[in-house]
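Chemist: Each chain is listed here by its residues.
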Amino acid sequence: MSAVIFSTWRGEFIDNRGKSPDESSESGFKLPQNYHGDVTSKAFIGWDGVAIFQEDVDALRLATEYAAQYQVYSEACGRCAPGRWGGRILYDLLDKIARGEGSYADTDHLKEVSQTMMLTSKCEIGRTVPKPILDLMEHYWEQFRDAIEHQKPSKHYHDDIKYIAKVTAPCTDMCPALVDIPAYIEGVRDMQFGDSLVATRQTMPLAHTCGRVCPHPCEDACRRANLDEPISIMELKRLGADYETDHALPWQHPHPPKPLRNDGKKVAIIGAGPAGLSAAYYLALEGIKVDIFEELPVNGGEVAVGVPQYRMPIEKYQKDIDLVLELEAVDIYNNHRVDAERLKEIEEEYDATLLAFGARLSKAVRAKNERADMQGYWGAIAMLDKVNLWSKYGIGSPASNELKDKTVVCVGGGFTSMDVVRCSVREGAKKVIMLYRRDEKTIIQNTTYEEYHEAVEEGVEFIFHSAIEEIFDENNQLKKLLVNRFELMPDPEGGRPQLVKVEGGDFEIECDYLIPAVSQALDTHILPKEWGLAMTSWDSIQTNGKDYMTSRPGLFAAGDCEYGPMTIVNAVGQAKRAASVISRYIYDGKVTLLDDEIMEDHLARLKVYNKDEKVTGWMPGLPRMVSEKLSVQERIDNNREVNLGFTGEEALSEAQRCMRCYYISMVAV
Amino acid sequence: MSKDKEIKMITVTIDGKVCQAPYGKTILQIARENGIYIPTMCYLTKVKPIASCRMCVVEIEGVEGMILSCQEVATEGIHVTTNTPQLYTQRQNIMKLYDVNHPLECGVCDKSGECDLQNKTLEFNVATQNFTTREPHRTVENWGFISYDPALCIMCEKCVHVCNEIVGDESLAISVGGYKSTIVNKNLEDGCHECGECMSVCPVGALVSTHFKYSSNAWELTKIPAACSHCSSGCELSYEVKQDKIYRVTNNYEFSSLCGAGRFGYDFENRTNGKDEIDFNNALDAFAKADTIRFSATISNEEALILQRLKEAKGYKLVCDEAKGYQDFLKAYSSISGKSLYSGDLATIKSSKVIVVFGSMVDSDNPMVKYAISTASKQHRARVIYVHPIEDANLSNIVTQYIKYEVGSEEGVAALLAHALVDRDNLDEDTKAFLDNLDIGNLSAESNVGEEEIDALVQSLGKRKDFTLVVGADLYSHPRVENIAKLIALIEKYTSFDTVAIPPATNALGVALICELDNQVGEYTIGYNSRGDFTLSALGEGDLDMPSLNQQEGTFTTINKQVVPTNVALEYKGYILNDIASALGVKKQYTIDYTQELPIDKGYQGVAFDDLKIDFGINGEDLRGYRLQTHGVDSNSMLEEIAPLPTYDGLVLYRANSINQFSPFTHKAKELQSQEFLKGSNQFALAAKISDGDEVKFELDGIKYTRVFKIDTSMKGTVAINPTNDKGLSSTLVSSYRYAKLILDVQNK
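As you go down the protein sequences, you meet chains C and W in turn. Note that the working numbering numbers the first sequence so that position 80 is 86, with each residue one more than the last. Note that the working numbering numbers the second sequence so that position 80 is 475, with each residue one more than the last.
Hints listed in this document are in silico derivations from the structure and should not be mistaken for laboratory results. As the structure is a computational prediction, the values presented were derived from the model and not from experiment. Where a beta carbon is used, it is the ideal one built from N, C-alpha and C, also for glycine. Heads up, some of the hints might be wrong.
Here are the simulated lysine-lysine pairs, DSS-like style, with alpha carbons at most 30 angstroms apart [stated by the list, open to error]:
1. W/Lys709 <-> W/Lys443
2. W/Lys860 <-> C/Lys635
3. C/Lys635 <-> W/Lys712
4. W/Lys799 <-> C/Lys322
5. W/Lys670 <-> W/Lys1122
6. C/Lys635 <-> W/Lys403
7. W/Lys860 <-> C/Lys322
8. W/Lys684 <-> W/Lys706
9. W/Lys712 <-> W/Lys997
10. C/Lys137 <-> W/Lys575
11. C/Lys325 <-> W/Lys799
12. C/Lys137 <-> C/Lys350
Pulled a few chain W residues facing chain C out of the computed Cβ check, cut under 7 angstroms [what the hints assert, rightly or not]:
13. Glu459
14. Met461
15. Gln485
16. Asn488
17. Ile489
18. Leu499
19. Val521
20. Asn525
21. Val571
22. Ser576
23. Thr577
24. Ser791
25. Lys799
Let's have the full structure, built from the sequences with the hints guiding it.
Modeler: So this is what it looks like as structure tokens:
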């Protein structure tokens, strides 16, 4: 790995030029000194400064190429006067100097146009592009001066150097599916809702779904929070999807699906959940034949049979599903259970196989006398399957047959447990109790404030710092629970506080049902033992988290079966990347990443969002919009969608708060 | 209508001036309302902030950086400075950027003299150019009425915003390309209504009228403020005149809009050489013989009043086919609602969250209604339920639910709507019993409107507020118009819906209020812009010439229940209606002397013509004329049983004009002239056994048609569309139900 010669990244100032290794200082940031494999970087330049890794770097050309890359970006935008003309002028002036035709007046004009861009551009990209260029002009001035004085090209002006650029945003970088969030918000702002949807679908086919039930990690990386409150990013995604559905428009794909290639290549996908659907979507858009094998008669995976109707209406999710399944290149086989033998056949028959079967086994709570065959002991996944298959598809029978007027105890703390307790309320349970080992703050962190708050409103009793020690039954009928109380003791070492059992704090709960929702595991039986697939320490399928190929060539894995139980957006992000890798693998048998993907991973390591940054040029104090919810009375006994979504005014006002924090960065290799 | 949230007032100091404003307004809005100037290049009051030019940046005490005043909402207590040397420099730089490579062709550019780029280049003293760059090749495009020159375009995006947010065509889009960006018209072939809204808001010479181009300098034209006479919206416009010729129409585009007919259909004047005494005397003879005056509703309020006075003085029957059904509708409507007028207007539609359109092909019937619905759809995500036998595919980006009913079943549909929407709690016993006793199953089956469709409509209301029911001409011409009106009135009276009854012709509302109309013509008929035994015509094809509405002063009563003035754009040299009336003893010096005598009991206010304003307020308020006053009337009328719903099996024609056509007057305008077709679906073609391009003959309402049939693939079903605007004076004679069974005489091409 090369050393940092010079850096102005994020306010640090390192200048090791001409210094011995002992005197040299190191960067505090995870800069991309190594590009990929054994390719090293010469320099990295971006919104927050510039870092040079080789003494010999041509700073003038670096600045010129950065301006050129911005110019390429602005050719995909050009939505404001300073950015539209400024980007062009910046590049023209720098290139004029770099090719040996510049004058000192040009550097003055450069500074002048930079100033206007930094103060008045619409997007952060226009405001930040001049910064590292001005840094280079200041600290590598002798290179600029030489080129002007001697009217000669910069030192590597004609050399073959590769410059790889990537546009991102703090929210996009934090999104596991790397959704182009500023673009879809801009679509809402401009009331071009179709454009908004297309922006989302570039990397996220499940726009209805992730406009409703995404835990929105992006909002934790929203720069608007540095000014007042984060943008309500997730809910703005609904507008584009609702627009398409409300007006029965044709599918708004990011590009017209390419015709089926018919070249004999085909990909198998095991599971039609978020990961399977997403991978199928991006493969099929390219015209690659995909067959999906789904165990259930219905599609959509855990989001269909796990996430309740009041949170994720199936008629909306079904749109996301149909978007994928209606593509020419996709075929789906329902009621098709893939076991180890079948998987071997499929793997043999297809050019690549993606495992996307999720994690659908409820884990035990690890109490004494815990037996899956005990009456009243009901795994969360099985319970939610029953509720949702009936309420959404009319399959089976209503869970109220079991739960009406009963006392239900759920052990959990994540989204699944919230679904369990809130469904239990709706199925008519007399009393619903949630036991959780940790505290209120953590349960909100694990889910969302709204989710917790709404459950409390609906009458769910939360007992924190508690865990079941023993389950009691009579004739195999569950009767009561012995529960331990815990308290949080600060770790004297300064680590995470430890849970310590409170002596004498035990209590009993009489109940009819215990529904464990602590976590889910994947069904490893479907994996042929003889393959000896590498597994993670938490017993999910291991990949390197970049290309999603398992230890077996040609076998890929994405979503919960790869990561362990996680979010929809995580599954989508993984599947999209896996689809990209597969689309090349089936032709050349190689596992490769695109430059764009390599840069995504670099930026994720570097971290785009800076919570300490001071935001200027925006009006602070404009509150985040909150959409209307059904009142408790309106929702408690039915499956109506609780969140009514933004009104037009709310959506526009929220979209106008977005600061379009696009950034461009570039590596020279 | 209820507005839940109380609006909080805030205090903002701008350049030392203390301003009060409701929270939610932007800094720029507050500044403008208080007469403080902040320069902009892309701001357009009637759409949401575009934020592309960045000229409007201001400084705010305690806030670092420059703040975009057009977009940022003002908060309590802020101190704003709109001009500093630093702000000036940045604005000047932006102007320098705008000027990079802008062609120096002001000498021949249409916009010269009224160009924002010229004005601000001078304002910011950009005398030299520091910035240069290579210019890509850009070609001029022809979009029909409009020409687009991308080399002149500054990419302010105003045109795209009006097309999307107001017109609803969604035709214009940005072809992104940074410095190479241009505007593209993606629906040029189909979907673009050529309304010219884009052209009117263009701040530079990029979008100009193809016809007007190179014909005159802007400063040579005299602006005659007027009201558009083509439909009942009575839009504000100016005829721009030079040497007795109208060159073009402009409007106060910052606040108001026009359709293509208003903008391009201006030269419908009736040219005469002078007063033809022989014809005039013939006319007086005819009036002496006549017992009936039959007239078109494309007429001013004052002329309508003259006719009413003639009726009162001479006992003429007044027959106005275009307004009679509407008058019947309004009377019956009032007899239930208890109010003299319907409650809503275009502004109500624009701010609605749910809009039900019933019995009107709004896109062609009244473009301003369509614009208002489009804005509601975009800005408020309004649910738009379009209840009509023809699913208008042009509206699919706006409509959220189509309810398609059987032709003729309007009364049944009105009953279904009333049944579903009216809350029984506040009802008197009779009405409650009436609704409860409706045979919903039968009505649903006969009208072919499923109960689940009505349920879905009710679902659309959800927890929303601000509902408008828009009804149109299909209902006024229906034989059961009165009971339909009563059912609609029930909805207005007992639900939170406001109602707008679109007047079916330019001044149908004025005529309906001012004239006592008769049903039948008598022995001898004077036709006024309508066919009669003796015809007075502004179309120049009658027995005595009359001035057209761009040659007259007077007022119209618009869909907004507003009385708006219009002025003489072109001098008229012949006789006018007032001359005839005066000769017959109904005497006034000028037609506009009648303005202040418009009936006060109908809501008119007795204001003299010269006292009527004709402009907009600083914040875009339409200050033209005045609003009619709504007053209470008896509402003890009874609903009638629903009559058996008629059936219209087989081929059916629907009377509707094309986009930008309303009447023989729009048809006469040179730019709008086009061949009219019979348009139908593939299914219609199949049922009628005709093909695209076939010439067909048929007769309806006594009018003979020979039309070329065209297949419109966006249409479905067996209802075809037949325009009447090319039928001259005959077109105003029609009062029958808007749908008719068709018997075809086909001649293959």
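Chemist: Are the hints correct? Go through all of them and say.
Modeler: Cross-check of the supplied hints:
For the hint linking W/Lys709 to W/Lys443, the alpha-carbon distance of about 55 angstroms lies beyond 30 angstroms, and the restraint is violated. Using a Cα cut-off of 30 angstroms, the hinted pair W/Lys860 and C/Lys635 holds, with the two alpha carbons roughly 15 angstroms apart. For the hint linking C/Lys635 to W/Lys712, the alpha-carbon distance of about 60 angstroms lies beyond 30 angstroms, and the restraint is violated. For the hint pairing W/Lys799 with C/Lys322, the CA-to-CA distance comes to about 24 angstroms; that is within 30 angstroms, so the pair holds.
Between the alpha carbons of W/Lys670 and W/Lys1122 the distance comes to roughly 27 angstroms, so the proposed pair stays at or under 30 angstroms and holds. Proposed proximity of C/Lys635 and W/Lys403 is supported: the alpha carbons are some 23 angstroms apart, at most 30 angstroms. The straight-line distance between the Cα atoms of W/Lys860 and C/Lys322 is roughly 24 angstroms, inside the 30 angstroms bound, and the hint therefore holds. Using a Cα cut-off of 30 angstroms, the hinted pair W/Lys684 and W/Lys706 holds, with the two alpha carbons roughly 14 angstroms apart.
The hinted pair formed by W/Lys712 and W/Lys997 meets the criterion: a straight-line CA distance of about 20 angstroms does not exceed 30 angstroms. Between C/Lys137 and W/Lys575, the direct Cα distance comes to roughly 25 angstroms. Compliance with the 30 angstroms bound is thereby established for this hinted pair. Between C/Lys325 and W/Lys799 the alpha-carbon distance is near 24 angstroms, which keeps this suggested pair within the 30 angstroms criterion. Of the supplied pair hints, the one linking C/Lys137 and C/Lys350 is violated, its CA atoms being roughly 55 angstroms apart against a limit of 30 angstroms.
Because the beta carbon of W/Glu459 sits about 4 angstroms from the nearest beta carbon in chain C, less than 7 angstroms, this interface hint is met. About 5 angstroms separates the beta-carbon of W/Met461 from the nearest beta-carbon of chain C, less than 7 angstroms, and the hint is met. For W/Gln485, the suggested interface contact is upheld, since its CB lies about 5 angstroms from the closest CB of chain C, less than 7 angstroms. Hint status for W/Asn488: holds, given a least beta-carbon distance of 4 angstroms to chain C, under 7 angstroms.
Given hint, W/Ile489 at the interface with chain C, holds; its Cβ is 5 angstroms from that chain's nearest Cβ, closer than 7 angstroms. About 17 angstroms separates the beta-carbon of W/Leu499 from the nearest beta-carbon of chain C, more than 7 angstroms, and the hint is not met. The beta carbon of W/Val521 is not positioned within 7 angstroms of any beta carbon in chain C (closest approach about 13 angstroms), and the interface hint is therefore violated. Interface hint at W/Asn525: satisfied, since its Cβ lies 5 angstroms from the closest Cβ of chain C, which is below the 7 angstroms cut-off.
Because the closest C-beta pair between W/Val571 and chain C is about 6 angstroms apart, less than 7 angstroms, the hint holds. For W/Ser576, the shortest C-beta to C-beta distance to chain C is roughly 4 angstroms, which falls under 7 angstroms, so the interface hint holds. Nearest Cβ of chain C to the Cβ of W/Thr577: about 10 angstroms, over the 7 angstroms cut. The hint is violated. For W/Ser791, the suggested interface contact is upheld, since its CB lies about 6 angstroms from the closest CB of chain C, less than 7 angstroms.
At a threshold of 7 angstroms, the smallest CB-CB gap from W/Lys799 to chain C is about 14 angstroms, leaving the interface hint violated.
Going through the hint list in order, the structure does not satisfy hints 1, 3, 12, 18, 19, 23, 25.
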